[in-house]
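Chains as they are written, first to last, in the numbering used here: chain A, 1 to 398; chain B, 1001 to 1248; chain C, 2001 to 2266; chain D, 3001 to 3339; chain E, 4001 to 4288.
The set of hints was computed from the structure by calculation and includes no laboratory data. Note that the Cβ used here is the ideal one computed from N, Cα and C, for glycine as well. Please note that a few of the clues may not be correct.
Pair by pair, the computed Cβ-Cβ distance ranges are [said to hold, decoys possible]:
#1 C:2251 with B:1132: 22 to 28 Å
#2 E:4066 with A:151: 30 to 36 Å
#3 C:2201 with D:3331: 36 to 42 Å
#4 E:4127 with D:3317: 33 to 39 Å
#5 E:4056 with A:258: 17 to 23 Å
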Amino acid sequence: ADPIVLGCPLSTAFLYGWDAERAIKLAVEEINKAGGVQVGKEKRPFKVEVIDTRDLEPGVPVSEALLGVKKLILQKNADFILGGPIRSEAALAAMPLLAKEKKVSILSSGTLTPKYHKTVAKSPEKYKYLFRISGEAVWMVTGEIIPCLMDLGKRFNLNRLFIMIQDVGHARAGGGIIAKIMKKKGWTVLGDPVVYPTGATDFSMGLLKAKREKAQVILIWMDMPETSILLKQWNDMKIPALPFGSIIAAAEQPGFWKATEGKGEYCLANVVNAGNAPCEATPWTMKFVKAYEKKWGVEPEGYGSSSSYMAVYALKDAIERAGSLDSDKVADALKKIDLMGVYGRVRFDPKSNQVIPSLDPKEGAVGTIFQWQGGKRVVVFPPKIATGEIKLPPWMKK
Amino acid sequence: MFEANGLMVFYENMLALNNVSLACGNEQIIGVFGANSAGKSTLMYTLAGIMLDIRKKEQMAGGERITLRGEISFQGERVEDAKPSVRAKAGIILCPERRRIFPESSVLENLEIGSYLATREQAEETLEYVFEIFPALKAITRRLGGFLSGGEQQMLAIGRALMAQPKLLLLDEPLLGLSPAIQYLLAKSIKEIKEQRKTSVIVAEQYARPIMPIIDHGYILENGSAVVEGGRRELMDNPDVKNAYFGT
Amino acid sequence: MNFKKPKPNNGPLLKVSDVSKTFGGVQALSNVSFNLEKGQIMGVIGPNGSGKTTLVNAITGFIRADSGAIEYQGRNILGMAPHKIADLGLTRTFQVMRPYYSLPAYKNLIIPLFSPRARRTGGWRGGGKLGDRDTVAVDILEEIGFERDSYVPYKSASSLPTGYLKRLELARCLALRPEVVICDEVFSGLSMSEMASMLPLMERLQMEGITLIMVEHRLRELFRLATRVIVLNFGRKIAEGVPDEVMEEPEVKEAYFGSEEVFSYV
Amino acid sequence: MAKRANQRKERIDRGIKVRADGVYAISSWQEIGFLVGPRLTLILGLLLLPLVLTTAPYWQSVLGIVCIYSLLAVSFDFLAHYVGLVSLGGAFFVGVGAYISSLLNVELGLPLFVTIPLATVFGGAFCTLCFWPCLPLRGVYFAIVSLMFPLLAARVIEALDIFGGTDGVLGVEGFSSSFAEHYLPIASVLVLLFFLRRLVNEDLGLVLRGVKDNDQAVKASGININHLKALAVFISSSLGCLAGALLCHVNMWAGLSQFALDFSILPIAATVVGGSGTLVGPVLGCLILVPVSELLRDFGTLRIVAYAVILTGFIVFKSEGLMTYAARKYNQFERWVDI
Amino acid sequence: MDIIIYGIINSVTLALMALGFTLVYGVSRLPNFAHGALYVLTGFLAWFFINQFTVNYFLAGLGALLITGVVGALMYHLILVRVRGMAISEIIASYAIGLAILEGLRYGGLKGGTYVLRPFVDGSTSILGVPVDYQRILVVVLGALLVGMLWFFVNKTRLGLALKGMAQDERAALTLGIDSDRMAVVSMALGSVFAGLAALVLMPLGNIAVEAGYHVLIMAVAVCIVGGLGSWTGAVFAAFIIGFAQILTDVILGAHFQVVVALIAIIITLILRPSGLFGRQKELEERV
Ligand SMILES: Nc1ncnc2c1ncn2[C@@H]1O[C@H](COP(=O)(O)OP(=O)(O)OP(=O)(O)O)[C@@H](O)[C@H]1O
Ligand SMILES: Nc1ncnc2c1ncn2[C@@H]1O[C@H](COP(=O)(O)OP(=O)(O)OP(=O)(O)O)[C@@H](O)[C@H]1O
Ligand SMILES: [Mg+2]
Ligand SMILES: [Mg+2]
């Protein structure tokens, strides 16, 4: 039977691109092995068409990504768009195009901006084909990071927060919001967030400042690989403050330990959805982690792994229920989806097509915050799925 | 010692040198005289091998096509296909027209660069000699070449050529822009260079008056052909030459 | 641009007073003064590096003199931009020739002919209205010694030999219909026979009312034209006057020729 | 080609181009065909391509991109080879055009047929104003400063978080008819190409070339070179802004990445490949480079490598540029003659 | 205090990045836009040698430098020589080569933050109360040393002078027996080695990433131009101006404005001094 073409516009040279690519390929392989997708009466396999959009490469124009999406639709005859575009700007920019071409798309890696689903909610008719199955920034901050910080503060009696962010929109927005809320919650936020341009390689000034101001937690929001330098410097200078990565691409990867030669120990990182680090959120979680590790030789890496994997399954589910590949029908079916997945229950908000989050895997999609401990990623938040507890570096203990 | 036979140069379809032959013995001064566009510079470039380089550049840019024909031999060896740097190493040094000095280097540095082929002792010795011929340069060793006045640049260009320890010195319009006194002194020095440094010199000039008295042999170029040739006296006595190059 | 008619003034056309210029320690001009009357041909001579070109540059605005005053037609032009000075009719040639190498010779003249001044005046000899620029350009070149029907005016300037370039320099000035032309070594690089045609040309220019300043090293030819010369040495004016008299002054002899031997040669 | 002794290759002009009072004397139909042929090929070719490609909608949209890059390349070529200002800041023009057009469209609700011309003119004026203090700079110095402008503009918008910040301007109106979407860029390229070719051969164009060759002599001719340069920058940046405005409506989006280096570099590469100083060459260059880049898209990450290699190949083996080479071959024939 | 210390470190870092580019441009007027690529290449090669053949750092570095030098020389010999003198073609050709190298490395797996070189010396100390790691101190020392060496090479050695002559007027250099093509190969090789040296010293501070190539290129060009073409003092001064501008904005306005301020500093410097801090280009070109 004819394959169903999944077009994946991904920035494949970057973590948030290749994590999605690998996860999608894994899911497709599993599904095809099991016979494919039931469309009406026939079983059809999935076929993946990946196009490198390069949108995470600094300095590559977004129009590149748009052309990539266009190519998938017009030339590769993609039936559905999965995964990207990855960078928020690119994803936002692609919305009108996808709407114009009436393609069902499930965003599953990269893009965290709340603007995406808010835009969908604003013109639900126009954008009814656009879904996002991975987390978004507002919930991440208010639902996960803040509670985790509060926990941390209570446990170790910490309340001086220092914020270091990358010079990109989501980081600035995120950093700002965290600062505001934490202030309200009684923490001392030390000065304005320190902003680093993408590609910065020297963080000593900021770290020195943190030390001078007696910071106790350094909140980091950066999606550039150079962040590992920050942690090396942090360790070299023995800065007495705990690094907390709300988004910290470098520290999410299993290879981080080696890259920093262990100097990144104690760093906390948020990987958005459960399953991106080993844990037992649902029975499916470890199955996914194992399968991923078997196929690709590493544990799930970036924050787009489990969600991209689920995107394929969600699509399969929707197609089978719709019984056709028609965009309108599949979109309707997706809206009604209710699936127990790798990171909990997958349902979409009926207005904004955003996956519904929760702290409990039985209620919705759960997130994950882990800490590097002895070369392992130990999940510490949310409590329902945690596999360990937060520790402080020795030079912080008095 | 130096001989060129049947030189022909085409710029695209234009014949710039037509079957020119020229010879220069040991320790001789040869004069090449001609009006504008007679082909003097073309001849000098061809002798020094720069023409090969010009041709290469033109080819690269896809522009006009330059054709070279003829034989050149120096000290018994054929050099017409040799690169300019090889010829320079053999001792053929050109002091090009329009004073192509290095504008961003100081006068001293210009001379030092000139001594690329010389040994340290030679360089030091020649440096002094250059300052002797052109005392004006000595006062301005630290000034950038590009800021010099026209005449100063001309002196510097000649001095720099000397630094390269020429066995055969090709001077293309050396008098251009020099004050009369320096012109006179230069003519005298050319003779001195020949005698003291055992160097042969070929001078291309249109202003023949100061040069004529010092040459051993001369050629008159017209429209790319050597029309008259002869010893100094012969040329000076030739009425046509006298008319054209000495005025009345 | 519309300039007011200069006030009728009875002073000199160009009045240079006490102009000085140093380049980081090099005194290129010190307190040079002279007057230039309309219709004159004035020679400027001096050894190499004596500041002649610098003087030309200062008058035409290509460098800004440190002190002094330069008045042209009664108006102070010191510190004015070069193009404005040229627009007033005070133009110059360049010692190191600066043609537009990528253009054919006659197209070189389109540029001055395009200038506001040429449009106002019609170019050299133009009667106020500028005709087709190409034709005018070739006309000017012909007058100045490019054979009209030969290929020379149409050749690219980069392949022209020195002699023609010198004339092209002059032509570029004339195309502006100038009142004063400052020639910086236009004779050098010309052969005797070419000189023979240049001399009458200069005389003709003078007759047409163009005032000339000629910086030269070819003294013989210069002295046939110039009625007055000034001599520079180390940036100072050391003499001024009728050529023959000036040459007799010992300071000039000393500075310019060094020795009797040289003098007799010249 | 074998080197033959005592022979040389001669080139002779094919056409009998006689310049007489500003018109070409045309003697026969053959002559006319000879002169008009290549031009007609280009014009008709460009006009017909969208029709040919109706079955390949993707390539139709690529053609639009080709035209947009062509505008940029022509703008670069004009400024660099006819005025001597090598601008590495093409992206600045694109960005300014895109932002103006999209903001007018989104904020004031003007239709795109109004915003595009407005962005072209006002964008050009704005860019000229920005470049004004840099006009006296020469050569590489100008190039570098112009390179800084797009970087700076992007940074400023980002730092001050204006015009939508990093997200860009969303909801820009797209072309409603595909006819307009395909033909507007093509028409712009053709018309502007014609206009610029006229301009550079007019006297004004010559004067600009004079500025490139030797600005000192232009000054000595009583012409204010800063005004001329500003005029040239205006023309060139208007072209760039037009490209940017078109792009933002094609993409239905404008944002920071409109200032990306690609918009500066690719047009320059196209100019080098196509033949600099010919104006048509850059268009040709884009017609080759952009589709090549699209064809390579399937290579994934290897694409840029392949692209760079192809580009280098073009530059090395036809360093004069395709157009220069083709024009020479077309206009002249060669033969061996005895010396 | 920390401003001064880290300002100096940052400035020397910039100067190091620019050295190779300045060398090639200064002595052969060849804008080597593959500079950043060569920088990354050396780092990657060194990493490769260390991890694949487990040779020690010194040997690995030496090997990497050697290869980079050869790559640079070949680049000129095979490709750039054909577009010599056409500045724009040179830029595009070398940029394309650089792109091929960089993206080739990326394709070959150089992505993410997992590639790191170890510092020569681990650990840190504190100078006047400011913690500084040894590697950074080493950077400053080596930087100063290299700048000095280069200055000596260009101004005092025969080869250096010949290169300089060739850069200014190729044809005149030819008449003096300087073989311009060979010289350009030499300068490219040298420039590449210097790019590599910078990489070996600087990379242990960060990680080996493709993006660094683009960053280094932009910084090198900026430093070289702001300093004034071919002027060593200029390049060093420019590195300090830009370096301190960055650190100061970092402290006063926030790193946020770092790039904005650096860019504005560059633009203003050039508007005020049109041929860079120590360059005389404009005056020379306008001398009539
Ligand atoms: N690159 C070139 N392309 C085409 N023609 C050229 C080129 N160089 C020189 N010519 C032509 O060749 C002829 C000889 O020129 P050449 O420069 O040798 O003359 P010259 O005797 O040195 O004149 P001058 O004394 O004025 O320097 C001239 O007619 C000139 O126009
Ligand atoms: N921009 C500058 N910087 C430094 N020195 C300069 C500059 N311009 C000129 N000079 C110096 O000033 C002096 C006068 O130069 P100028 O060009 O006026 O001489 P000149 O009389 O025209 O000589 P020539 O007859 O050789 O052309 C020279 O010694 C020259 O080196
Ligand atoms: Mg000549
Ligand atoms: Mg002079």
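Status of the hints after comparison with the structure:
1. C:2251 with B:1132: 22 to 28 Å: holds, 25 Å
2. E:4066 with A:151: 30 to 36 Å: violated, 55 Å
3. C:2201 with D:3331: 36 to 42 Å: With a Cβ separation near 38 Å, residue 2201 of chain C and residue 3331 of chain D satisfy 36 to 42 Å, so the hint holds.
4. E:4127 with D:3317: 33 to 39 Å: Check failed, 55 Å falls outside 33 to 39 Å.
5. E:4056 with A:258: 17 to 23 Å: holds, 19 Å
Of the hints listed earlier, those the structure fails to meet are numbers 2 and 4, in rising order.
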